[in-house]
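A.B. asks: Spelled out, the chains give:
2 protein chains.
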Amino acid sequence: MTVTAIQELFRAKRLKVTPQRCAIYNMMIHTKSHPTAEEIISQVKKTLPMISLNTIYYTLNVFETAGLIIPINNTHTRYDTNLEPHHHLICVSCRKIEDVFDDALNQLHLSQKPDFNIRSYRVEFYGHCRNCQKRSTSIPEKKRLVTTQL
Amino acid sequence: MTVTAIQELFRAKRLKVTPQRCAIYNMMIHTKSHPTAEEIISQVKKTLPMISLNTIYYTLNVFETAGLIIPINNTHTRYDTNLEPHHHLICVSCRKIEDVFDDALNQLHLSQKPDFNIRSYRVEFYGHCRNCQKRSTSIPEKKRLVTTQL
DNA sequence: CAGTAAATAGTAACTATTACTAAATTGAGA
DNA sequence: TCTCAATTTAGTAATAGTTACTATTTACTG
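Quick note, the sequences are listed as chains A and B, same order.
In terms of the working numbering, the first sequence is residues 265 to 414.
In terms of the working numbering, the second sequence is residues 265 to 414.
Worth flagging that the hints you see were computed from the coordinates, not collected in a lab.
Be careful, since some hints might not be right.
If several chains are the same, the list does not tell them apart, and a pair holds so long as it fits within one copy or across any two.
In the SDA-like style, the derived pairs of lysine to any residue whose C-alpha atoms are separated by at most 20 Å in a straight line are [stated by the list, open to error]: (1) Lys296 to Asn370; (2) Lys377 to Glu362; (3) Lys309 to Asn370; (4) Lys377 to Pro349.
Bear in mind the structure is a predicted one, so any value in this text is a computation, not a measurement.
Kindly produce the complete structure, drawing on both the sequences and the hints.
C.D. replies: Structure representation (structure tokens):
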């Protein structure tokens, strides 16, 4: 993805095009790992030395709200005693986690990666729950509101 | 699951049987949600008022290492720009996240829950990577070592 | 029962993230 | 192109989830 393609993507999402945003997104799509905020800033600082962690978090929030990225983890660690394959519906807006029990999903196999000793697995569906579909853009649990439509 | 069954489970895993552990595990398997440490302690305090958050975290760590629970989230939020269905191998020991691209896994469907507007999904496989299988019990990224075998 | 290794709970520290805000920058319209 | 309003940036400070350290207590082994 070229820099101009990134700019077009931002404009399509009604996001302002700033050097910081371009650098952050450019870094993120060119890394194979799933970077943390710290990993992002350490890379981006090579081209934008003055960038703050604050901007990283703000921008990640904007990207997430715009549907450009998905956070894999989340602040509050949640624990599950059910080790059987079962699955989760995660509302990206209000963060609620709902269980799903589905036979077809309980029989997944992974032929590749034989050297990885798999203990369990789960499927996470990301989307908007019934409530958050009504409220459309609101983000109840996160206080900082970003007025970008999804 | 009865209290004696819990005690037997602990002994089978070579964990010491303490009132705190029994109360924590008992609370966790009797809740449908995926409780956070805060939610756990607020419940457990009803029977063990003196229990500390410290013990909650220590015990959760023990349970996790023993393979009794799986944390759904994690401290460092990781971000992913790849919104296409793709998947992750997560080492429960060293926390490394590896990508998996598998055609069969990219065609999952969820018939139930029609009121949840799904944007994307992913499969997470939990287990031990090649390196951590050798080292068996070590937990590189977490500093507090729990000498419980898996 | 006695000895020992692990567990508990308290205090303090750490660290990822968010809040607040003044200054700078972007994009839309004149 | 210039101006202006609204957003974005980056700094400092605060918050909150989690971990570190440690003295005391408790649970298991023999």
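A.B. asks: So, for every hint listed, does it hold in this structure?
C.D. replies: Going through the hints against the structure:
1. Only between protomers do lysine 296 and asparagine 370 lie at most 20 Å apart by alpha-carbon distance; the minimum there is 19 Å, versus 28 Å within a single protomer.
2. In this assembly of identical chains, the alpha carbons of lysine 377 and glutamate 362 lie at most 20 Å apart only when taken from different copies (10 Å versus 29 Å within one copy).
3. In this assembly of identical chains, the alpha carbons of lysine 309 and asparagine 370 never lie at most 20 Å apart, being 44 Å within a copy and 35 Å across copies at closest.
4. In the homo-oligomer, the alpha carbons of lysine 377 and proline 349 lie at most 20 Å apart both inside one protomer (19 Å) and across protomers (18 Å), since each shortest distance falls under that limit.
Of the hints listed earlier, the one the structure fails to meet is number 3.
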